[in-house]
Amino acid sequence: MDSFLELSTGHQWFRVVLGIGVLVGFGFAARTVYWLLRYVAAGQGDLKTSQIPERIKGIITQVLGQARVIAEPAGVLHLFIFWGFLILQLETLEYIARAFKWDFHLSALIGRGAYNGALFMQDVFGFLVLVAILMSAFRRYVIRPKHSLQSVDGAVIIALIASLMISKFIANGAEIAFISVENQAHDAQWTPVALFTSTILQSLGASPQSEGMFWIYHVSYWIHIGIVVAFANYIPFGKHLHLIGAIPNIFFRKLEPSGALYPIDMEDENVESFGAARVEDLRWKQLLDTYACTECGRCEHYCPAYNTGKALNPMAVIHNIKEHLREKGTAVIRGNNPEAAEEFPPLAGGIITKEELWACTTCGACVANCPVYIEHVDTIVDMRRYLALMESDFSAEVGRTFRNMENNSNPWGISSSYRADWAEGLDIPLMSEMTSAPDYLFFVGCAGSFDDRQKKVTQAFAKILRSAGVSVAILGPEEACTGDPARRIGNEYLYWMLATQNIETMNSYGVTRIITTCPHCFHTIGKEYPQLGGNYEVIHHTALLNELIQHQRIQLKPSATMKVTYHDSCYIGRWDNTYSNPREVLQSVPGVVMQEMDLNKKQSFCCGAGGGRMWMEETEGKRVNIERTDQALATTPDAIAVNCPFCLTMFDDGLKNRGADEVKLLDLAEIIADNLVENVPEETTEAAAE
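Going by the UniProt record's numbering, the sequence shown opens with residue 1, and the numbers climb by one from there.
No wet-lab data here; the hints were simulated from the structure.
Do not take every clue at face value.
[Unchecked claim] Cβ pair distances, simulated, as ranges: (1) 591 to 159: 55 to 65 Å; (2) 28 to 199: 35 to 45 Å; (3) 390 to 563: 49 to 59 Å; (4) 212 to 344: 54 to 64 Å; (5) 151 to 535: 41 to 51 Å.
[Unchecked claim] Listed next, the in silico BS3-like pairs over lysine-lysine satisfying Cα-Cα at most 30 Å (straight line): (6) 602 to 48; (7) 601 to 463; (8) 455 to 601; (9) 456 to 601; (10) 254 to 354; (11) 622 to 656; (12) 254 to 602; (13) 664 to 601; (14) 463 to 527; (15) 354 to 146; (16) 602 to 656; (17) 656 to 456; (18) 254 to 57; (19) 563 to 602; (20) 239 to 602; (21) 455 to 527; (22) 146 to 602; (23) 354 to 622; (24) 602 to 456; (25) 557 to 664; (26) 664 to 563; (27) 254 to 48; (28) 656 to 455; (29) 563 to 656; (30) 48 to 239; (31) 455 to 664; (32) 48 to 527; (33) 463 to 664; (34) 656 to 463; (35) 622 to 563; (36) 602 to 455; (37) 601 to 557; (38) 254 to 527; (39) 601 to 656; (40) 354 to 527.
Backbone N, C-alpha and C define an ideal beta-carbon position, used for all residues, glycine too.
Generate the whole structure from the sequences, applying the supplied hints.
Spelled out as structure tokens, the structure:
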């Protein structure tokens with residue numbers, strides 16, 4: 001018998017102890033995970049079982065392919081670590097089996113050839129994991145990127161992973177040296193790193209096939225198994241809980257239209273409270289979000305509120321909810337003590353402060369850049385709903401905005417009778433005057449109807465439509481605010497009132513296609529009105545402008561050479577994932593030289609007006625619109641181009657603040673209208689009723 005097997009057989013007592021230790025260790029870990037899942041199950045909502053093919057596709061692209069992770073250079077290191085761990089799980093299972101049978105090798109099950117191939121992959125990827133983890137440690141603790149946490153937890157994980165790889169190579173190298181060639185279960189040349197380690201051990205004085213090499217193998221093996229068991233028990237308590245939470249979180253990710261908030265049934269008379277006052281008021285998927293968080297810091301890195309000195313840190317919000325869920329779950333659910341729930345502070349305005357909640361612009365930068373599909377915005381808005389609907393806990397200026405929307409159906413508080421005044425002399429008919437349906441309903445929006453600066457955009461766009469022969473009509477006094485500001489601030493009831501009013505009006509006219517110049521109107525009508533029975537094809541004016549230009553329905557004359565810096569609005573950019581239309585429109589104008597800010601497209605920086613922030617004072621830190629204006633001015637533009645009335649207002653304020661009067665501020669419609677070769681057809685709309 002091989003001396004290795006003789007020595008192993010002589011230590012059967014230790015094998016029994018080790019086997020029991022492995023079972024007990026994994027038993028404790030499984031028990032911890034069980035209770036963590038019980039806490040998640042306390043959340044609201046049903047299990048999502050629809051669109052299974054799309055969910056499986058997400059697992060392939062986002063888990064196996066790590067698509068969002070590698071979207072940034074540092075994510076490549078994580079890709080190697082992830083795939084290394086995936087491939088090494090087979091070896092880990094083999095190591096665990098040896099706790100019960102020392103001489104177990106998978107070659108007995110899959111054959112020597114396949115076993116050689118498996119060990120080669122494990123050997124190479126184990127080395128890649130070790131290199132990647134050392135590079136990650138250097139980046140995190142030496143380079144120290146701004147949004148990378150230098151936590152003790154992170155250092156422990158790095159140390160554990162490095163120790164796993166080192167102990168693995170020492171154990172495998174000692175096994176190669178100790179077991180005679182004829183008794184080895186694989187060919188050593190297939191594990192080059194382990195073979196090299198074996199050579200190093202022998203050069204340090206460890207004799208091949210000696211009892212000393214036997215103990216080098218076993219001590220390394222015991223250390224490796226001990227780390228595996230320790231890792232399994234440590235994971236549920238640190239940042240690497242995402243190893244448990246991330247995959248199901250990606251599978252159960254929100255597949256509804258991007259950016260569409262979860263609805264509340266305002267007609268359900270059994271509902272006693274609205275919004276998330278307590279952690280258990282959140283949906284179970286939102287609770288699972290907290291387990292999925294990798295604490296990579298991308299959400300805070302791109303958050304406009306965090307980066308301008310506000311209280312909000314989206315990563316901290318998710319982390320604090322997780323800690324609160326664990327503490328409350330332990331006391332109430334695991335402790336089987338429902339009365340203990342009263343001892344905990346509320347979630348909204350307590351665990352997560354009001355200052356954090358009101359700072360959010362709902363821009364979606366956190367959601368778009370999160371590699372594990374955490375729904376930060378939905379969670380924040382759910383807590384806002386409680387403050388707004390149940391506590392009436394909002395600022396005086398928000399209160400005025402709500403009253404204006406309640407009384408006059410718009411945030412400005414101007415009478416609806418003035419909604420169509422902008423169209424005087426432009427031959428734009430009202431829907432109520434039409435004998436047959438036009439091609440599109442032009443949903444003008446509140447800013448386009450009442451804001452003096454945005455009226456110029458509305459008129460410019462109307463001029464383009466007439467030149468292109470596009471048949472449109474407007475609702476005029478029958479149009480109400482879409483309810484977007486109310487909904488994002490948290491007043492779901494006011495949103496519901498306005499939305500159902502608009503839906504009833506538009507359905508009465510048989511409206512099917514809508515154009516709007518406001519991304520917030522575009523988003524709310526197109527993605528959220530279907531929740532209330534309003535189903536329409538909604539087109540933003542940037543898409544229609546591009547279509548008219550591409551199909552040569554309008555002609556453009558050269559402009560004076562002008563450097564134009566373009567700003568992506570959040571609700572057309574990130575939330576609709578549309579970046580090409582506005583850029584193609586700009587590039588179609590002869591003489592316009594388009595340029596980008598450093599933060600553009602998916603990483604674009606919010607103007608600061610979204611999430612109802614347009615109607616709130618901003619006193620903490622640097623104003624978001626000033627920061628974005630500074631980013632635009634850094635490109636030394638002749639003009640800044642936008643596609644949103646809110647962005648127009650915020651940049652206008654920013655340019656005045658910076659004294660940059662020489663820089664023009666233009667909507668894309670104004671740029672096209674200024675360079676339009678007018679070709680007004682005789683009839684562009686259906687005849688109005690007499």
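Going through the hints against the structure:
1. 591 to 159: 55 to 65 Å: 60 Å, holds
2. 28 to 199: 35 to 45 Å: 39 Å, holds
3. 390 to 563: 49 to 59 Å: 50 Å, holds
4. 212 to 344: 54 to 64 Å: 57 Å, holds
5. 151 to 535: 41 to 51 Å: 48 Å, holds
6. 602 to 48: 27 Å, holds
7. 601 to 463: 29 Å, holds
8. 455 to 601: Holds, at about 27 Å.
9. 456 to 601: 26 Å, holds
10. 254 to 354: Holds - the C-alpha atoms of residue 354 and residue 254 are around 26 Å apart, at most 30 Å.
11. 622 to 656: 16 Å, holds
12. 254 to 602: 19 Å, holds
13. 664 to 601: 22 Å, holds
14. 463 to 527: 28 Å, holds
15. 354 to 146: 26 Å, holds
16. 602 to 656: It holds: about 27 Å lies between the C-alpha atoms, which stays within 30 Å.
17. 656 to 456: 19 Å, holds
18. 254 to 57: Measuring from Cα to Cα gives roughly 14 Å; hence the hint holds.
19. 563 to 602: 22 Å, holds
20. 239 to 602: Since the Cα atoms of residue 239 and residue 602 sit roughly 26 Å apart, the hinted pair holds (cutoff 30 Å).
21. 455 to 527: Measuring from Cα to Cα gives roughly 25 Å; hence the hint holds.
22. 146 to 602: Between residue 146 and residue 602 the Cα gap is close to 20 Å, so the pair holds against 30 Å.
23. 354 to 622: OK: residue 354 and residue 622 at ~19 Å, within 30 Å.
24. 602 to 456: Holds, because 29 Å separates the two Cα atoms, which is no more than 30 Å.
25. 557 to 664: 19 Å, holds
26. 664 to 563: Between residue 664 and residue 563 the Cα gap is close to 10 Å, so the pair holds against 30 Å.
27. 254 to 48: Answer holds: residue 254 to residue 48 is near 9 Å, not above 30 Å.
28. 656 to 455: With Cα atoms ~20 Å apart, residue 656 and residue 455 stay inside 30 Å; holds.
29. 563 to 656: 20 Å, holds
30. 48 to 239: Holds, at about 26 Å.
31. 455 to 664: OK: residue 455 and residue 664 at ~17 Å, within 30 Å.
32. 48 to 527: This hinted pair holds, its Cα atoms lying about 19 Å apart.
33. 463 to 664: 21 Å, holds
34. 656 to 463: 28 Å, holds
35. 622 to 563: Cα-Cα ~27 Å, so holds.
36. 602 to 455: 29 Å, holds
37. 601 to 557: 28 Å, holds
38. 254 to 527: With a Cα-Cα distance of about 14 Å, the restraint between residue 254 and residue 527 holds, given a limit of 30 Å.
39. 601 to 656: 25 Å, holds
40. 354 to 527: Given pair residue 354, residue 527 holds - Cα atoms ~28 Å apart, limit 30 Å.
The structure fails none of the hints (numbered hints given earlier).
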